[in-house]
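Asks: Generate coordinates for the entire structure from the input sequences, incorporating the hints supplied.
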Amino acid sequence: MLKKRTIPLVISLLTLLFSSHASLSADLELRKKQNENGADKALEPYMLPRNHPLKGYLSILFSNPNMFKSSSHFRKAGFHVIRGHRKLMVGGHPHVPDYLFKKFPNSMPQAKQLENFLKRQKGAQVLRNYILTHNYKYLVIPQKWLIKLPRSFSQGDKDRSYVLVVDNMDIHRDYNDPNGICRQLYYNMSVEMLTELCTILHAVGGCDAFPRNQPFTKEGKIAFVDTEHVGKMKGHFLKHIVPALNEELQAYAIALWNKLEDEENERRLAKRSIDG
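In mature numbering (1 follows the signal peptide of the UniProt record, and there is no 0), the protein residues as written are -25 to -1, 1 to 251.
Please note: incorrect hints may appear among the correct ones.
Said to hold, decoys possible - Derived pair list, reagent style SDA-like, types lysine to any residue, alpha-carbon separation capped at 25 angstroms: (1) 207 / 110; (2) 112 / 19; (3) 97 / 19; (4) 123 / 65; (5) 209 / 165; (6) 94 / 24; (7) 112 / 178; (8) 97 / 247; (9) 207 / 194; (10) 77 / 207; (11) 193 / 123.
Keep in mind that the hints were calculated from the coordinates and are not lab data.
Replies: The structure is reproduced here in structure tokens:
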């Protein structure tokens, strides 16, 4: 008699348990989707526009979740890998020659990768705004967008995987050659171009300034292809850019930099006296 009464009770408890578990799982899944939707909304200004012509190629370009395990995997996926500085892989694809793709290997946490990509996008925007505000003619900044990859690309990471796509600026890539075109163009650049380069680097607080990071395009302009450290490394202009110039331009660049420094110090002192 006791057993007959116990069985329905056990069934009721199990039903309640499974029902609660299902409800909890559904609640967790809902929260997960809400968090993802919130993250998507926050990232929307940085995402590749919905009507961008590149959209039609994404399923073809990014079909293998293992393609970002290493540079060799990236290459096997059909990409021409240009460089892999500090683990960052940069590559282009023959289907879309006007763009380059930047991605870290899967060994780096996806959240850390996203943070780095956003830093590069924000740095590019700071430079772009300054160029537009001052109507500069000789400096160009590539557009940079995020592409959200399918969940399988996360490779077990709880965070979604993104890749950074940038305009291919068609630059001279011989910056490591002391006798290359890029070095020659730096050595003999115009005073007007040097003035713009010096002024913007001082105004934004510097960046990772090297001839390889601000190379010449084949149209004769300087492209800021590395915008990760905008607002830092202010001394890199004097340390790495100035030595690439001829003696006359070096003297001009140093004098202009010192003038900008003096003006900045005067503004700082004036502000202090006002704040008093």
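Asks: Hint by hint, which ones does the structure fall short of?
Replies: Failing hints, ascending: 2, 8, 9, 11.
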